[in-house]
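Undergrad: Quick mapping for you: the protein sequence lines, in order, are chains A and B. Heads up: the first sequence begins at 624 in my numbering, then just goes up one per residue. Heads up: the second sequence begins at 130 in my numbering, then just goes up one per residue.
In short, the hints are calculated from the structure, not lab data. Computed from a predicted structure; not experimentally measured. The beta carbon of each residue, even a glycine, is placed where N, CA and C say it ideally should be. Be aware that one or more of the hints could be misleading.
A partial selection of chain B residues facing chain A, derived with a Cβ cut-off under 7 Å [to be verified]:
1. 147
2. 273
3. 302
4. 306
5. 315
6. 316
Pairs of lysine-lysine residues, derived as DSSO-like cross-links and limited to a Cα-Cα distance of at most 30 Å, are as follows [unchecked claim]:
7. 296(B) <-> 951(A)
8. 271(B) <-> 1068(A)
9. 184(B) <-> 1068(A)
10. 677(A) <-> 271(B)
11. 296(B) <-> 794(A)
12. 1014(A) <-> 962(A)
13. 271(B) <-> 696(A)
14. 677(A) <-> 184(B)
15. 1014(A) <-> 160(B)
16. 1088(A) <-> 1068(A)
17. 946(A) <-> 296(B)
18. 271(B) <-> 296(B)
19. 1088(A) <-> 962(A)
20. 296(B) <-> 1068(A)
21. 951(A) <-> 635(A)
22. 164(B) <-> 677(A)
23. 946(A) <-> 1088(A)
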Amino acid sequence: MRLSQGKTLFEKVWETHLVAEEPGAPAVVYIDLHLVHEVTSPQAFTGLAARGLKVRRPERTKATMDHSTPTRKSSDGRFVFVDEQNRAQLEVLRANCEAHGIELFALGDARNGIVHVVGPELGLTHPGMTIVCGDSHTSTHGAFGALAFGIGTSQVEHVLATQCLLHARPKTFRVTFEGAPGPGVSAKDLILALIARIGVGGATGHVLEYAGPAIEALDMEGRMTVCNMSIEAGAKAGMIAADDKTFAYLEGRERAPKGADFAAAVDRWRGLVSDADASFDRELTIDAASLVPRLTWGTNPGMGVGIDEPVPDPATLSDVQAKEATQKALAYMGLEAGKPLLGREVDVVFIGSCTNSRISDLRAAAQIFEGRKVASGLRALVVPGSHEVKKQAEAEGLDRVFVEAGAEWREPGCSMCIAMNGDEIGPGQVAVSTSNRNFEGRQGKGGRTLLASPYTAAAAAVTGKVTDPRTLLSR
Amino acid sequence: MEPFRPFSARLVPVVVDDVDTDQIIPARFLKVTDKVGLGQKLFSDWRYEADGSPKPSFPLNDSRYAGAQILLSGHNFGCGSSREHAPWSLVDYGLRAVIATSFADIFKGNALKNGLLPIELEPAHHAALRARLEADPSVEVKVDLDAQTITLPDGTTSSFPVDPFAKRMLLEGVDELGYLLAREPAIAAFEASRG
């Protein structure tokens, strides 16, 4: 029984978006912003056409091209497609957007980029909104106090047709990060620590709220990194209370409210915090001060260790399923049980993805690259999250830092995070990647992914092996 | 969709925990703009050798499980991405249900919308079924959604939970969009109330 009267942040957003709640059916939830990309939308538009339906609220629908987009241009400035299927998928999105009057940030457009980078960057993402996209990393937008989550293509069709979704009310789970992380320990390390602690199914059925001093101290980009990987713990969404940093980030953004409207919006948004007497279905506290840079060693994001720890030894595990899973993952990754990851040779470094491709991520990586060279034989790829990020990085000279170090500086997109556009690692290769998934073959068939922060990825790039970035930051 | 009727079928075991959607269907097969032929890509990297020939050790290639319509997996099946290509590929392959001890949220929702029944069994019942299948790969299981049970030939019955609304949709063979479209007056009123 619920004893307190206070409401959680989730409840405040949920309850203001309920269109209908009928017995025996999930709630009908209104969606403020629907983001669309080329991979998970074509069959939804086909479904609409089959029923003769139109898009109910085209102005609440925004599309971008990101997954199938090339990150390479030829010398005459044209994008280089490796597969005609990629190009065809982009053309289908363009045609669907034209037919339904949906604004599209197409390949090459100044507003183009990864969907979860451009939404916040343009000021489309506001506190208190409900936001969906046919993409599990939609949880990113929760960093603004929005309720944002990934949906399947059937649901994309539902939202296109009705601007609503049927959804059972999820449970709530607050994770409080106490203390202050040390130098070289970033937002990525906080979220990797949580996922390792609770597992890839640890938050299934729940909306996470991240709180505590270590979260409050993060800038908006760090908060997006944390919320981005909520799905990797199985959560429905991840949210962070709106505060002055949220408002400062949004002020002046192209699609954010302006002038008196902005002031009025901030007055509303200030209430988007969990009340002091709100209760959560679950709670967990993590000591951020004790964290070190982290890496995953295995084949899901929960298989992670601190950079100074050995990988697990299945012989020490009593649970049969856990033992089998650990053995299988170690074998796939080519790792020896109980040995440290430090010093492990690395073939590829990828800095990018909706998790870590924003300007602060590139600045962090550049701190390590500056004045150093990419290790001999290693391939390093730096892929900004959007054209806006690319422009800013080039204005700051970060592109020159990367290129002079020997890294490749690319056009924006999802790139090697999902390896749909030709940017991929080879069978057996080891990549340290700032992306969000280390599943078998995720970055290329047979490839082996170690997930880490931009600091840790850059440290691997300049040393050719898994290296504690703190040893390179402290000179 | 066809109404979901009781059926009896054989099982195929891929009893691994945390089977992610990148294993169910790798991202390189998501460049399509339709749903055609995805069953051939199901579990592609576990199912085929580098040269495209079937890996004999993978259960989908094992003749003992030929014709199976139920997949037996482990804990947290379908974690990872929201791609509905995962249930599309399972259905296109000919599967009608997946039995596991738990499912990832988005996958479960996607499966239900495609007439693929996610059957969540208690660990003890799951272990017993797995042992039964190991002893007799041809064992048939009867799935009854209305009763929310699966039954072995010896009469052993296990029950499983299903969201009542999803159950109704499956039994009637209708989809959620029809329900949502019928809420148009409420949606319009909600929009009007926000100004």
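Undergrad: So, for every hint listed, does it hold in this structure?
TA: Consistency of the hints with the structure:
1. A cut of 7 Å between beta carbons decides the hint on residue 147(B): the least distance to chain A is about 5 Å, and the hint holds.
2. For residue 273(B), the interface hint is violated, the least distance from its beta-carbon to any beta-carbon of chain A being 20 Å, above 7 Å.
3. Of the supplied interface hints, the one on residue 302(B) is violated, with its beta-carbon coming no nearer than about 15 Å to a beta-carbon of chain A, more than 7 Å.
4. Checking residue 306(B) against chain A by beta carbon gives a least distance of about 5 Å; that is within 7 Å, so the hint holds.
5. Restraint check, residue 315(B) versus chain A: the minimum CB separation of about 5 Å is within 7 Å; hint holds.
6. Among the interface hints, the one on residue 316(B) holds; its C-beta lies about 6 Å from the nearest C-beta in chain A, closer than the 7 Å criterion.
7. At roughly 36 Å between alpha-carbon atoms, residue 296(B) and residue 951(A) are farther apart than 30 Å, so this suggested pair is violated.
8. This hinted pair does not check out: residue 271(B) and residue 1068(A) have alpha carbons roughly 37 Å apart, beyond 30 Å.
9. Restraint check for residue 184(B) and residue 1068(A): the C-alpha separation of about 16 Å stays at or below 30 Å, so the hint holds.
10. Annotation: proposed proximity of residue 677(A) to residue 271(B) is violated, straight-line Cα distance about 41 Å (limit 30 Å).
11. For the suggested pair residue 296(B) and residue 794(A), the alpha carbons sit about 21 Å apart, so the restraint of at most 30 Å is met.
12. Taking the CA atoms of residue 1014(A) and residue 962(A), the gap is near 42 Å; set against the 30 Å cutoff, the hint is violated.
13. The hinted pair formed by residue 271(B) and residue 696(A) fails the criterion: a straight-line CA distance of about 56 Å is larger than 30 Å.
14. Taking the CA atoms of residue 677(A) and residue 184(B), the gap is near 45 Å; set against the 30 Å cutoff, the hint is violated.
15. With a C-alpha separation of about 29 Å, the suggested pairing of residue 1014(A) with residue 160(B) holds against the 30 Å cut-off.
16. With a CA separation close to 22 Å, the supplied pair residue 1088(A) and residue 1068(A) stays within the 30 Å bound.
17. Between residue 946(A) and residue 296(B), the direct Cα distance comes to roughly 36 Å. Violation of the 30 Å bound is thereby established for this hinted pair.
18. Restraint check: the Cα-Cα separation between residue 271(B) and residue 296(B) comes to about 17 Å, which is no more than 30 Å; the hinted pair holds.
19. This hinted pair checks out: residue 1088(A) and residue 962(A) have alpha carbons roughly 15 Å apart, not beyond 30 Å.
20. Using a Cα cut-off of 30 Å, the hinted pair residue 296(B) and residue 1068(A) is violated, with the two alpha carbons roughly 37 Å apart.
21. Restraint check for residue 951(A) and residue 635(A): the C-alpha separation of about 43 Å exceeds 30 Å, so the hint is violated.
22. This hinted pair checks out: residue 164(B) and residue 677(A) have alpha carbons roughly 21 Å apart, not beyond 30 Å.
23. With a C-alpha separation of about 27 Å, the suggested pair residue 946(A) and residue 1088(A) falls inside the 30 Å cut-off, and the hint holds.
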